[in-house]
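Student: Listed below, chain by chain, are the residues.
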Amino acid sequence: MNILGISAFYHDSAACLLKDGRIVAAAQEERFTRKKHDERFPMHAVRYCLHEAGLRGDQLDAVAFYDKPIEKFVRILKTYFSVAPQGLQSFMMAMPVWMREKLWIPLEIETALDACGIKMPQDALYFPEHHESHAASAFYPSPFDSAAVLTVDGVGEWSTTAIGHGRGHELDILFDIHFPHSLGLLYSAFTYFTGFKVNSGEYKLMGLAPYGQPTYVREIYDHLIDVKADGSFKLNMELFGYLDGLTMTNDKFSEAFGGPPRKAESEISQREMDLARSVQVVTEEVILKMANHVQALTGEKNLVMAGGVALNCVANGRLLREGPFDNIWIQPAAGDAGGALGAAQLVWHKVHQKPRTVVPSKDAMQGSFLGPNFDAEVEAYLEARGYPYRKLSEAEWAPEVARLVASENVIGLCQGRMEFGPRALGGRSIIGDARSEKMQSVMNLKIKYRESFRPFAPTCLEEDVSEYFELESESPYMLLVAQVRADRCIGQAEAASLPMRERINQKRSDIPAITHVDYSARVQTVNRERNPRYYDLIKAFKDQTGYGVIINTSFNVRGEPIVCTPEDAYRCFMRTEMDYLVLGDCLLSKTDQPEWQEKGDWREDFVLD
Amino acid sequence: MKIHDEKTNQWEWKALGAPAPVKKAMAIQTKALIQAPAMLGIAALMYFGFDHVVVPSIVAVLSVLVLAGGLFYHPLFHAVERGGRWFGHMVIVTVNWILLAPFYFLVFGFGRLVLRLQGIDPMDRAYPAAAETCWLPRKKIESLDQYRKQH
Ligand SMILES: [Fe+2]
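Residue numbers (the numbering used here), protein chains in the order written: chain Z, 122 to 730; chain E, 159 to 309.
Hints may be right or wrong, so weigh each one.
[Stated by the list, open to error] Each pair of labels, with its calculated beta carbon distance range:
{"#": "1", "chain 1": "Z", "residue 1": "E504", "chain 2": "E", "residue 2": "L234", "range": "47 to 53 angstroms"}
{"#": "2", "chain 1": "E", "residue 1": "F261", "chain 2": "Z", "residue 2": "S562", "range": "21 to 27 angstroms"}
{"#": "3", "chain 1": "E", "residue 1": "L294", "chain 2": "Z", "residue 2": "N448", "range": "25 to 31 angstroms"}
{"#": "4", "chain 1": "Z", "residue 1": "S562", "chain 2": "E", "residue 2": "L271", "range": "54 to 60 angstroms"}
{"#": "5", "chain 1": "Z", "residue 1": "P620", "chain 2": "E", "residue 2": "V251", "range": "48 to 54 angstroms"}
[Said to hold, decoys possible] Okay, derived cross-link-like pairs now, DSS-like style, lysine-lysine, Cα gap no bigger than 27 angstroms in a straight line:
{"#": "6", "chain 1": "Z", "residue 1": "K475", "chain 2": "E", "residue 2": "K298"}
{"#": "7", "chain 1": "Z", "residue 1": "K422", "chain 2": "Z", "residue 2": "K156"}
{"#": "8", "chain 1": "Z", "residue 1": "K349", "chain 2": "Z", "residue 2": "K373"}
{"#": "9", "chain 1": "Z", "residue 1": "K410", "chain 2": "E", "residue 2": "K297"}
{"#": "10", "chain 1": "Z", "residue 1": "K140", "chain 2": "E", "residue 2": "K297"}
Because the hints were derived from the structure by calculation, they are not lab data.
Idealized CB from N, CA, C, for every residue including glycine.
Next comes chain E alone, as it looks inside the complex (with noise of 0.2 angstroms):
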């Protein structure tokens, strides 16, 4: 149900304590009827086309898990459907970090070492503050355009 139904304008206010409706989800016997030859397709191509031993047997085994689970022993199909939750999320996590920390030491640590020679610290970190005052004068803002823009 719509909280707010912006036709009619009314406030379906009760419908804020109860749970959101839930899409019906696919049975759990036609997701592992479509993802377990899914899998053991994507065992094949990797055993008979790329010459690859290891990943395809452990991604067979689990399609027939997959298939095992989904249509006699539903804890199994969920354990291995979190398993591969799992896997995905540490995939995104390792090229996340291959990715970006060598880019963070690179160009930010680079770029400290370029800053430090000019003797410029973008956080003004001295201490205690050599001015009388450490009020910064705050520029006129010229133009109203200014309030359209994001900085």
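Excised from the complex, chain Z in its bound form (with noise of 0.2 angstroms):
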């Protein structure tokens, strides 16, 4: 039985295909379309799935759509029947995207599978709730026979947090907490405050968080959240502008938090950095009660979380550390790209009945390299564009690109199936020497582009995880915050007193260009199951330099989707300072390459998140 899932109209489309219950493929629609969040239906995507699949398109036999659009629609007439006469820009605005698309979503995914070449399986199109087919992808691809879920994101029909138990194939949500009351937009609020992009900004706030004091923490409980001792809260919507306008809080949140919003691209103050450190607190203290009470409330000893607030890695590694669960399981495409996956397992497992295989302690995402793989055809695309490159046997492709890592050159690497989900985890990444103390800067700022307040991620071999970092977990898709052992670090007593410029260039362990300001690290362990080649890189580098750790970050810069193809990683290369690029088998130097001409600023392509 093969089962189409799609999560389209929102932000971050998708697309996933099961083939009798087995993940064959999962992709962003931007990855394709390279427009960052790009929310059109996933035609691109929908395709390359069918193509990894090998079906022809009469060989569907279900859709799932990860949400139910009326209910939403119902949800939109209800806030405006609670704001009028206020909110009506935003009807204007929502009415006429409404009336023209998201009202006829079974027509709109008919005509749009037409268009892909695909028949519309007969009376087989599925609607499970958006936060359903959260927890689906939450519990049905994870390593537990049974554990609690905890759903957590700005909103999906009515529901913004939920808390369910999966047993087998089972899955109930118990309890929910539905709009306007949501910890998404609490964070998105706060996000939209410090002058960031809400949807994407969210990532650049958490980032900030360590460089602040938590001084709002007691301003935030007092006039914005009421919090039970289970976990749930109520917001108060007196603050926020997101029901009847079209911004995120309104003139009386201005006022509780010291002045207007600040200007996105401006100066960062202290002000913003203590805002994001206060309400990132909120959020861990808020997650920590709700695991509390739904690990009362069944039982378990297995948490299962996917919603936008699951890739609040900082608050899951508080949750590994401080919660009641002894294993934590989160899905790597927790946002609503995930949902498309989540939709579809529903339709298997609970529609159809159909028995989950749990082996334990391997989930069943693959790595989340669920994308296309260029690998084969890499050679003949450089032959035909005449791009010099050197072909690396197998046994010299890792202590070759370790030998260059280690001499602190920002390689781009492209290999095997592209990642699902948000994160890049070996095979569309930039990587570099984590030993390196001019690593950050250089890649901030001439690499990606971006904020140099903004940490990167390392990369190390599940097996050393320890030796480098207060985990004893694995940690596949670098969901997991943990601190840098305290025998690697420097400087931390001096480090409080710094002001933030000094802060960031300061030597803060030995492994300095992954070591955030609060000697925290975003990590990501591999082992050699999940991905070999990248294992077998970080296992070179070891043996050349002692270190089973690297920087990942993803390849891309500030604004561009992450690449997909060769040829969009061949470009990020050249426009960017990178030194090499592996593409498959084949390792290219910047210096060998033909100058890369281009016309007008490429920079504009990109809107900057």
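Grab the two chains, each in its own frame, and use the hints to assemble them into the complex.
Tutor: Laid out in structure tokens, this is it:
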């Protein structure tokens, strides 16, 4: 049975294909169209999924859309019933889109599939609820037979947070919290207020938090959120703008938090850092309470999570350290893209009552390498374009790339299948030497063209994780933050008294490029089974340097989706100051390449996030 | 070029980096030769049929500009075309506002008043929460048919 899962029309549209319950392919549309967070119907991703599965257009058995559009429309109408005569501008913007597109999703899907040459299966279109799709994406591919389930995001139809219980192939949502009361929207409100873009700047806010002090925590509890002992909560809508206006916060919010929102791209002040830290602390505390509650309800020792807030790896790390669960598994595509996967899995396990096969300690995500693989075509492509390259044999590939990393080169790595989800995990990554003192600023300013405060993440060999970090478990999807081991850290006592600019440039450990200002790191562990080539590379680096850890950041520049094809990778390589590019077996040196000629400023292609 | 050809099941991934094939646009001269007489016809109908003077005069002048621009000076033709598109967009926006704004105030404004009189807030904004917990119990899914519904 072939089930196509689709998420679309809001942000991060994606497609996923299940073949007899096995995840065969999954990809986000933005990677193909090169439009970040592309919300349009995922035509390219759908085509890719069918191709990967070797299916013809008439071989689909079911299509699952990741939410219930009419329910969402009802919520929007009820919002206007609760705020009119305010809210006219938002109504004028929303209604034409709903009338034109979002109210006719079955028709939209059929038309789009038809344009892809795919026959819509008869009477087999499904609409699971948004948080049920998230919950399914968290539980079904997890390595647990049974688990407590927690999903937290901005909003789906009505739910903004849900807790549930998964056993075997049964999955039940037990309780939820309804819009407008949303932990995700609280975090987004602060993202907006500190001058970042909602829906993409949340990561920056999390990265900024360690520079600040939690001085606004009391204000947040006093003015914004009423949290109960069981982690449920209500927001004080008097201070938010998203119900009746076009902004996340309003003037009362500004009054309570020391002035108007920061203008985008303007100087970041101590206030923004303190706000970031404060909302991060509150988010962590609420999540911990919710986790305690769902543990008490279900009696489980395992927790699975999804929803945009589950990408908050600082909160996840704290949950693992301080929470009531022995094991936590987080869906790597925890945002709405992962809804496509969850929706398809719900149809397989719940509608068709198919059992799960759980392999302990091994999830079903295949390392999240569920996208296209171009390795076999790279050589022909480079020959056709006339780009100079050197083909590496299997034996020399890892030691040679490791040698270049160890010589402080910045390397673009495009090998194997593309990752599904927002993190690059070694398939579409830029890598560098974690021991280098200059790497953080070189990579931020010359490669990624992004803010200098933003930290880089490490990948380390799974077996070596506790040598570098205060972490005992694996973290294959870069969704946990842990402290760098104290015996590797330098100058912790003095750091607190230094101004921010000096703290950025301070050497903090013997792996300074991936040690954030609070001596933490967003850890990815790699084992040979999930990504053999990437593992071999780091192993070779360890053999050469004694360090089984490197920098891993996504292969893109600010505002650009992560690269998909070798063509995207080559373009990004030539536009930036990367030194080498690895495309499958082929190694390209920047100095050998013909001069890159491009009309106009390519940075205008990307909207800054 | 199609990115994925479902007949051959070929993945033409290199096409992803290439611009989509563009349909051959109609020559500007041809466009101008069709549009200008059509505009002139509309102007004549308004003048002779409905006794209007100002609007048909504007349309007639525009038709001359379209013809002259299309045949002799393309930037002029493009400027008139852009102006036309902007005008069309503004008409749609205005009509939208004229139709939707009164609808909004009448239906939602009145609706809110009624709900308020009944003490109902669909967004449950009372703050802080009076109840011990804000968790809402989820209704059990009675039938798997629920998954086929959009609501
Ligand atoms: Fe979501």
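Student: Next, verify each hint and record whether it holds.
Tutor: Each hint tested on the structure:
1. E504(Z) <-> L234(E): 47 to 53 angstroms: holds, 48 angstroms
2. F261(E) <-> S562(Z): 21 to 27 angstroms: violated, 55 angstroms
3. L294(E) <-> N448(Z): 25 to 31 angstroms: The hinted range 25 to 31 angstroms holds for L294(E) and N448(Z), with Cβ atoms some 28 angstroms apart.
4. S562(Z) <-> L271(E): 54 to 60 angstroms: Since S562(Z) and L271(E) have Cβ atoms about 59 angstroms apart, the given range 54 to 60 angstroms holds.
5. P620(Z) <-> V251(E): 48 to 54 angstroms: holds, 49 angstroms
6. K475(Z) <-> K298(E): holds, 20 angstroms
7. K422(Z) <-> K156(Z): violated, 40 angstroms
8. K349(Z) <-> K373(Z): holds, 24 angstroms
9. K410(Z) <-> K297(E): holds, 23 angstroms
10. K140(Z) <-> K297(E): Roughly 31 angstroms separates the two Cα atoms, so the pair is violated.
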